[in-house]
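Participant: For reference, the chains in residue letters:
Protein chains: 2
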Amino acid sequence: MNLLLLRPEDRQEDGSYAICDTRAQHMLEVLGVTPGDHVRAGVLDGPRGTATVLGIEEARITLSMSLEPQAPARPNIDLLLALPRPRSLKKLLPEVTALGVGRIMLTETYRVEKAFFGATLLRPENHRPLLYEGMMQAKLTHLPEVTVQRKLWQVLKQLPERFDDHIKLVAHPEATAPLAQVRLPRKKPVLLAVGPEGGFIDKEVQQLCDAGFSAITMGDNILRVETACVSLMAQIDLLRQQS
Amino acid sequence: MNLLLLRPEDRQEDGSYAICDTRAQHMLEVLGVTPGDHVRAGVLDGPRGTATVLGIEEARITLSMSLEPQAPARPNIDLLLALPRPRSLKKLLPEVTALGVGRIMLTETYRVEKAFFGATLLRPENHRPLLYEGMMQAKLTHLPEVTVQRKLWQVLKQLPERFDDHIKLVAHPEATAPLAQVRLPRKKPVLLAVGPEGGFIDKEVQQLCDAGFSAITMGDNILRVETACVSLMAQIDLLRQQS
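As they're listed, the protein sequences go chains A and B. Just so we're aligned, residue 1 is where the first sequence starts under the working numbering, counting upward by one. Just so we're aligned, residue 1 is where the second sequence starts under the working numbering, counting upward by one.
There may be inaccurate statements among the hints.
Which copy is meant is left open, so a pair is good if it fits within one copy or across any two.
[Said to hold, decoys possible] Below, a list of computed lysine to aspartate or glutamate pairs in the DMTMM-like style, where the Cα atoms sit at most 25 angstroms apart:
#1 139 to 197
#2 157 to 202
#3 90 to 133
#4 90 to 197
#5 139 to 174
#6 187 to 145
#7 168 to 202
#8 139 to 113
#9 187 to 220
#10 188 to 220
#11 90 to 108
#12 188 to 161
#13 139 to 220
Source of the hints: derived by calculation from the structure; they are not laboratory data.
Starting from the given sequences, assemble the full structure and let the hints guide the process.
Facilitator: Structure follows, in structure tokens:
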């Protein structure tokens, strides 16, 4: 835990924060905090700062927060993913969260197994801890928004209003344009679409391109979805740094 | 399984191959092969090609191999890693293998927990299946060489002869040179050093720099070792493509 993440419900009337769950347990057992100690902390969807331990009563820790004036910027990449198998999704969520992602849109495509939509991991109470894990790892306070909408065409139909200003890229092994040659202005948000194992079918790539996506390739290696997402996000970040 | 990986011990006297383990099980139960069917295959540390099912006797499949003239090039990136915790190593091995890695050198640094060196995963019979998993995923035939040498100074002392021609990079959050600005000739091999959770200590970074490494930074986010390795390898691959 590189950042203690505080949530609105932890806040008490007097402005202090109180926690008594696994976060408190970690602070007591791993960090061994005592009153007066400081830890790096952040407020969910808000600024970061320093938390000072005011008091400890058994497993309950009371903290005061000194906040930085500005919250970290919202991550400027969003993902549109063919719903991966639960095992992949479980690995992927904390990793892409740690890299910084604004919204993760999960959808169905031709090669997605329908059974994946029954995964318990799709319930917020089950996947949110994985998002928190990534945020606390990378010291981020922005909680990625996870949405599930099965029809790809519906997702694409709703894109214009929300994603007008995004550079839209779809990773497709058969594309001819290498990502390495794409110019990405530093501040421009990106919407990245990644297909299922086996890839998007041609019709879906066409639908995406009709909706403003450009097909790019990252190379010949066929990667698992979680490896592909991390690789692509890292490469996009690097391209932005170069601009 | 995107590539059936055949090993020397599968080869029979008449030049055909016979398998009767989980690979055969996968071919029978998932792919549903019958005699005459072709599957994409490769020979360990050798060329790829097409395997044709000659016969099936219960769970045993006999195959003939038609090989391409040239084996895929050896991956031109090697890793020097502070031994990660077993849970991270288990995730990391198939992922970096799928991205293509020649050698993975595991070593001890100040912030590595000594107990990690007792991990059963360090035994070849335990980690080799994870390497095969990455190879079969990405259709690669080169088996990464995994070595464990505890003393970092010994690893570094032995570097010159083996890694003279490598560009040596060490990922260090406090470095001032961004990886995005490094020029990487396409054919030049890279040796990438990645520290433990909490990073290398200054003395170790100095040792690495004395051994010819350049310290680079990939940004502010503190990532898990497995996410950092995949990100850095993907970024290095992209920089090479740009040269």
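Participant: If a hint holds in the structure, say so; if it does not, say that too.
Facilitator: Going through the hints against the structure:
1. 139 to 197: For residue 139 and residue 197, the Cα distance is within 25 angstroms only across copies (14 angstroms; inside one copy 31 angstroms).
2. 157 to 202: Close inside one copy (18 angstroms), not across copies (52 angstroms); limit 25 angstroms.
3. 90 to 133: Both: 11 angstroms inside a chain and 18 angstroms across chains, each within 25 angstroms.
4. 90 to 197: For residue 90 and residue 197, both the intra-copy (15 angstroms) and inter-copy (21 angstroms) Cα distances are at most 25 angstroms.
5. 139 to 174: Classified as between: cross-chain Cα gap 16 angstroms, same-chain 36 angstroms, threshold 25 angstroms.
6. 187 to 145: Within. Shortest intra-copy distance 20 angstroms satisfies the 25 angstroms Cα cut-off; inter-copy 41 angstroms does not.
7. 168 to 202: Cα proximity of residue 168 and residue 202: one copy only (17 angstroms, versus 41 angstroms across).
8. 139 to 113: between (34 angstroms within a copy, 23 angstroms between copies)
9. 187 to 220: between (29 angstroms within a copy, 17 angstroms between copies)
10. 188 to 220: between (27 angstroms within a copy, 19 angstroms between copies)
11. 90 to 108: Cα proximity of residue 90 and residue 108: one copy only (17 angstroms, versus 29 angstroms across).
12. 188 to 161: within (16 angstroms within a copy, 45 angstroms between copies)
13. 139 to 220: between (34 angstroms within a copy, 9 angstroms between copies)
In this structure, every one of the numbered hints holds.
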